[in-house]
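Peer 1: Whenever a hint applies, use it, and build me the whole structure from the sequences.
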Amino acid sequence: MTPTYYLLLSALLFSLGAVGVLVRRNAIVVFMCVELMLNAVNLSLVTFARINGELDGQIMAFFVMVVAAAEVVVGLTIIMSIFRTRRSASVDDSNLLKY
Amino acid sequence: MSWTLIALLLLPLVGSVVVAVLRRSDAAAKTAALAFALGELVLAGVTWVAYDPASTDRLQLTSSVEWIPNFGVHLSFGVDGIALVMIALIALLVPVVIGGSWADKLPEGRTAGGFFSLLLVMQTGMVGVFAATDVFLFYVFFEAVLVPMYFLIGRFGGPRRQYAAMKFFLYSLLGGLIMLASVIGLYVTSAETLGKGTFDWATLVEAMRTADTTTQIWLFLGFFIAFAIKAPLVPLHTWLPDAGAEAPVGAGVLLVGVLDKIGTFGFLRYCLPLFPAASKELAPLVLVLAVIGILYGSLLAVGQTDMKRFVAYTSIAHFGFIALGIFAFTTQASTGAVLYMVNHGISTGMLFLVVGMVMSRGGSRLIQDYGGMAKLTPVLGGLFFVAGLSSLALPGTNSFISEFLVLIGSFPTRPVHTVLATLGMVLAALYVLWLYQRVFQGPLRGTALVGVAGGPGAATAPEVGAAREVKDLGKREIAVLAPLVALILVLGVYPKPVLDVITPSVGATLSEVGVTDPVTAQEGK
Amino acid sequence: MGVTTFLAQADELRAPAVDYGAVAPVLIVLGAACASVLFEAFLSKSQRWIGQVVLALITLVASGTALAIYAGDAPEQGTLTLSGALAVDRPVLFLWATLLLLSFGSILLIADRSVEPGGAFVAEAGVRPGTVQDRAQAAKSGMQTEVFPLTLFALGGMMVFVAANDLLTMFIALEVLSLPLYLMCGLARRRRLLSQEAAVKYFLLGAFASAFFLYGVALLYGYAGSVKLADIAAAAAGTNRSDTLLFAGFGLLVVGLLFKASVGPFHAWTPDVYQGAPTPVTAFMAACTKVAAFGGILRVLGIAFEATEWEWRGVLWGVAIASMLIGAVLGLTQTDVKRMIAYSSVAHAGFLLVGSIALTPEGLSGTLFYLLAYGFTTLAAFGVVSLVRDADGEATHLSQWAGLAKRSPVVAGVFTFLLLALAGIPLTSGFIGKFVVFSAAVQDGMAPLVVVALVASAVAAFFYLRVIVLMYFSEPAPDGPTVSVPGAFTTVAITLGAVITLVLGLWPAFVLDWAGAGAFIS
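Which chain is which? The protein sequence lines are A, B and C, in order.
To convert, note that position 32 of the first sequence is 32 in the numbering used here; the numbers rise steadily by one, no gaps.
To get the numbering used here, take the position in the second sequence, counting from 1, and add 1000.
To get the numbering used here, take the position in the third sequence, counting from 1, and add 2000.
FYI, nobody ran anything at the bench for these hints, they're computed from the structure.
A couple of the hints might just be wrong.
[Claimed, not checked] Derived EDC-like pairs (lysine to aspartate or glutamate); straight-line CA-CA distance at most 20 Å:
#1 C:LYS2140 - C:GLU2475
#2 C:LYS2140 - C:GLU2124
#3 B:LYS1196 - C:ASP2513
#4 B:LYS1196 - C:GLU2362
#5 C:LYS2406 - B:ASP1472
#6 B:LYS1196 - C:ASP2444
#7 B:LYS1196 - B:ASP1104
#8 C:LYS2406 - B:ASP1026
#9 B:LYS1105 - C:GLU2475
#10 B:LYS1280 - B:ASP1212
#11 B:LYS1280 - B:GLU1206
#12 B:LYS1475 - B:GLU1108
#13 B:LYS1471 - B:GLU1066
#14 C:LYS2406 - C:ASP2390
#15 C:LYS2045 - C:GLU2124
#16 B:LYS1375 - B:GLU1469
#17 B:LYS1375 - B:ASP1472
#18 B:LYS1167 - B:ASP1306
[Stated by the list, open to error] Derived list of chain A stretches under chain C, where covered just means 3 residues or more per stretch with a C-beta under 8 Å from a C-beta of chain C:
#19 15 to 28
#20 31 to 42
#21 51 to 64
#22 69 to 75
[Claimed, not checked] Have a look at the derived ranges for each label pair, beta carbon to beta carbon:
#23 C:GLU2076 - A:LEU76: 46 to 56 Å
#24 B:THR1214 - C:THR2065: 17 to 27 Å
#25 B:VAL1046 - C:VAL2499: 28 to 38 Å
#26 A:LEU76 - C:ARG2241: 36 to 46 Å
#27 C:LEU2043 - A:ALA11: 46 to 56 Å
#28 C:GLU2309 - B:LEU1194: 26 to 36 Å
#29 C:GLY2021 - B:ALA1007: 48 to 58 Å
#30 C:PRO2016 - B:GLU1066: 43 to 53 Å
Quick caveat, the model's predicted, so the values are computed rather than measured.
Even glycine gets a Cβ: it sits at the ideal position worked out from N, Cα and C.
Peer 2: Laid out in structure tokens, this is it:
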């Protein structure tokens, strides 16, 4: 199996995540889509590491995972605090700021 | 290193600070402002004497200090004859304006100190524009002078002052920014030809001589648009009637009398010498705009119902004459144009002031609210008439000589334009005399003069009603107008002192463009 | 390379050499940020505020001193340290100094407790907005002092970001600077719903953009086999590898960077977040994030993508034009001061981009100068915005600013000056900044772009003038806002910003010299 397929899969997952961010309305789901994008990138990184025959890409994937975990902490805090006020995590309800 | 120009720049600035500090006491602030303005007039006199018209130096009284070495920007000042007469005009008009605005009713909450302080800041800016010999520095003054004028109109002006101030600022700023593109382009071009970029005017004139015509045309257009907005040439003039009408009278005098001359001065100092090939290429276009300006301004002046807008439109016509003279490329026409710049400052300044005096008595800007005013205020009527005659260029007044020089100088190269421009003179007689007749002649009438309580037709109804108490000119007002009247008459018969200063510089400018007078060219054959 | 071969090499692994002198400023800031977290844990509530403020200010001064000492005898061409992960060269030193100075001003605004009793930050972020407890805490004098460690972490991230010499370090730094900012946005004392909403928006869009950045990193890694900027440059210059990877990677990477710099059309978060965030945080974001983001853009474009300039330049022309026009035109329709300045920052981002894509020494020094000048002007402007208040907190609606000059001539005068600087009127730093950036662009053959930029500046001037008109030429509303008498902190911050704006307008030569002192090292 050529590594190219993994790259295509990664691109597909990334696109799915990106489309999800744009069309989904629940902040948690939007956030999960962002996580999907990050993990799609991880797949690319390890694939490229494999193609290039070195470990750098794999190490980078670990960095990305740590960053993603930190992002989850911060992100869920923010979403939680607004959810407790509004009893809703829909991004459509966040409409006080516009124009 | 000559300190006269630097003193000319700093004195009003110091004055404005002093006046701003004293603003709580009206009398002290006004006296201080007048004292500084008169001091500046004396300094300008010293400068005039120090300037040597016979010298072959292109720029005199020069001084230069490095400012931003990274781009070769210098704080350099110097004057030629054209700049000198403009600086003298400023120094003359500012005390007149301060005297004229002495007893102005200001909008609520504004102080005379604030007004005069801004006027003095403006004076520094205007002197800077004419005295700068570094293109970057010129640009800085060109833009900086907008700010005090903006506040003068916006804070002290008439009912639509916000709109007028905004329009004035945006028009000028847009022009200025387009010019900035050209200033940068000029710098880059000089860096390409000289190896190191410079803003020094004299060096740039040399460097640009070899630039190709396309580059010249683009750079010319950037400068030209900015100056055409300032001087108002016709398609870009619409801010002037609004700004002129809403500005307080004092600021209006400086706006039309001096600030707009930056445009025509810019044609002479920057457009022509820096871009000679482009100037020749585009002169026909400018001349058409100039002639349109003369006719359009005159026709609209005839139709005005508002006296201040009337003055603004007459100025548009006069600026047409000045542009015609500059771009006709003959010594006579250009000399006439520069003289016209001075004379227009004097006569339109006076016209603005007398209109202001009429308004301060009647409380209205509309012509229809007045009638037969000469019966109540014969002295004001007489002086209004003098200002009007000067504006229509009656022989014996100052404007006649300049207008005559422009026309006679333009005719050999541009006969058609000249003939059309002459129509403007005829219209000028019409609009001035008709205005005078409506406001001052005939039976006493008009809501502004006759105390009638409203009602339709009130403007015309009572022919000899109970006239409101309208005082004639006081001593202060006469003292303010006296120097202007004197200049109108003296320059009308003996313009030689001014012409002596102007002519060598105009000749130098035209030789930088590389044109020779057609008459001498024929003689040479 | 298999795992066994890797392990075989393990005994050769050595810790990389660290030039401690060069990275001392960053280490001081990050170390202080950790200490600041400990302060939160161990100091009693009454001591925290004073402890944190003192720590933060000492940190900035110490870091600045370390920077000055290092800059005194730093190698002319710069140095690479931490096995090439960080590059410390003249532009980086300039950016670090800028960031430290701007953070100093921001910390002063953040620490102020006199304008709003208790400070601009919420006393207990856990309390739900709109409840009884929430109304009670609005009157409390305390604040969540966590903003100080968060600010220091963000600052540390920014400093690493501008010095990062490989894309992975850059990504980590990007997250280190962003995550604290997301939290700080949600901590306003008043209008907490707006504030939390701003935090959510900023977080979701920021994370989205980070993902783009990261995917760009991955593709460039695939293209060049390395994430070092120099390796990418070498690969782009001399190979016939797949251009698809290079340009897709470039595009995604740049989208992530442009998002952080709030360049239109990637500016969607800017107005909302600027409006909703507590004003001192907005000031910090507007000034420092902009500097950091453009520092990163300059380095990435200047080193990694210099060779391919002619391929991408057209695209960034379009982006710059879009940003300038979006900022200028949408700014016209705003009725809120903070949103208006936000759109102005989008327009300014466009101007900065014009300078950034001129990959010449003049372009670099011009953009650096512009960043410094703009940062101080906007910092002071937000400082002034925080002073104009009514009973509900800050009065940011433009109509409430009518006649301000009558109530408080000094504040109105300072704000007018700052607006004129933003509009680029001569004798302010804004004009010199525009001049250096645009002349660099013209020199590099981008005259049409400069003409568009100048037209956009003229349009943008309109909305700055509108505020001046309101303040000076309109009559004040009877129930209009009052201007708080600022405490020492805010006064110092505003004065600092305004004075630097003036000084750089009158005497820019020395800063221009510093900004032009050297080039990037890679």
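Peer 1: Each hint needs a verdict: does it hold in this structure or not?
Peer 2: Outcome of the hint check:
For the hint pairing LYS2140 of chain C with GLU2475 of chain C, the CA-to-CA distance comes to about 35 Å; that exceeds 20 Å, so the pair is violated. The suggested pairing of LYS2140 of chain C with GLU2124 of chain C holds, with an alpha-carbon distance near 9 Å, which does not exceed 20 Å. Between LYS1196 of chain B and ASP2513 of chain C the alpha-carbon distance is near 17 Å, which keeps this suggested pair within the 20 Å criterion. Of the pairs offered as hints, the one joining LYS1196 of chain B and GLU2362 of chain C holds, with about 13 Å between alpha carbons and a cut-off of 20 Å not exceeded.
Proximity of LYS2406 of chain C to ASP1472 of chain B is assessed by CA-CA distance (about 36 Å); at most 20 Å being required, the pair is judged violated. For the hint pairing LYS1196 of chain B with ASP2444 of chain C, the CA-to-CA distance comes to about 15 Å; that is within 20 Å, so the pair holds. Taking the CA atoms of LYS1196 of chain B and ASP1104 of chain B, the gap is about 52 Å. The hint is violated against a cut of 20 Å. Of the supplied pair hints, the one linking LYS2406 of chain C and ASP1026 of chain B holds, its CA atoms being roughly 18 Å apart against a limit of 20 Å.
At roughly 18 Å between alpha-carbon atoms, LYS1105 of chain B and GLU2475 of chain C fall within 20 Å of each other, so this suggested pair holds. As the CA atoms of LYS1280 of chain B and ASP1212 of chain B are separated by approximately 13 Å, the hinted pair is consistent with the 20 Å bound. At roughly 17 Å between alpha-carbon atoms, LYS1280 of chain B and GLU1206 of chain B fall within 20 Å of each other, so this suggested pair holds. Straight-line distance between C-alpha atoms of LYS1475 of chain B and GLU1108 of chain B comes to about 27 Å, which puts the hinted pair past the 20 Å bound.
Restraint check for LYS1471 of chain B and GLU1066 of chain B: not satisfied, since their Cα atoms lie roughly 56 Å apart, outside the 20 Å limit. A hinted pair counts as satisfied when its Cα atoms are at most 20 Å apart, and LYS2406 of chain C with ASP2390 of chain C qualifies at roughly 16 Å. For the suggested pair LYS2045 of chain C and GLU2124 of chain C, the alpha carbons sit about 12 Å apart, so the restraint of at most 20 Å is met. For the hint pairing LYS1375 of chain B with GLU1469 of chain B, the CA-to-CA distance comes to about 12 Å; that is within 20 Å, so the pair holds.
This hinted pair checks out: LYS1375 of chain B and ASP1472 of chain B have alpha carbons roughly 10 Å apart, not beyond 20 Å. Straight-line distance between C-alpha atoms of LYS1167 of chain B and ASP1306 of chain B comes to about 19 Å, which keeps the hinted pair within the 20 Å bound. Only residues whose C-beta sits within less than 8 Å of a C-beta in chain C count toward coverage, and the segment 15 to 28 of chain A has 4 of them, enough to reach three; the restraint holds. Counting residues of the segment 31 to 42 of chain A whose beta carbon lies closer than 8 Å to any beta carbon of chain C gives 6, which reaches the threshold of three, so the coverage claim holds.
Coverage of a stretch by a chain is defined here by at least three residues with a beta carbon nearer than 8 Å to that chain's beta carbons; for the segment 51 to 64 of chain A and chain C the count is 10, and the condition holds. Coverage of the segment 69 to 75 of chain A by chain C holds [criterion: at least 3 residues with CB-CB distance below 8 Å; count 4]. The supplied range of 46 to 56 Å is met by GLU2076 of chain C and LEU76 of chain A, whose beta-carbon atoms lie about 48 Å from each other. The hinted range of 17 to 27 Å is not satisfied by THR1214 of chain B and THR2065 of chain C, whose Cβ atoms lie roughly 54 Å apart.
Separated by about 36 Å at the C-beta atoms, VAL1046 of chain B and VAL2499 of chain C satisfy the suggested range of 28 to 38 Å. The hinted range of 36 to 46 Å is satisfied by LEU76 of chain A and ARG2241 of chain C, whose Cβ atoms lie roughly 40 Å apart. A hinted range of 46 to 56 Å holds for the C-beta pair LEU2043 of chain C and ALA11 of chain A, which are about 50 Å apart. The hint said 26 to 36 Å for the Cβ distance between GLU2309 of chain C and LEU1194 of chain B, and at roughly 27 Å that hint holds.
Between GLY2021 of chain C and ALA1007 of chain B the C-beta distance comes to about 52 Å, which sits within the given range of 48 to 58 Å. A C-beta distance of roughly 46 Å is found between PRO2016 of chain C and GLU1066 of chain B, which places it inside the suggested range of 43 to 53 Å.
Checked against the numbered hints above, the structure breaks hints 1, 5, 7, 12, 13 and 24 and satisfies the rest.
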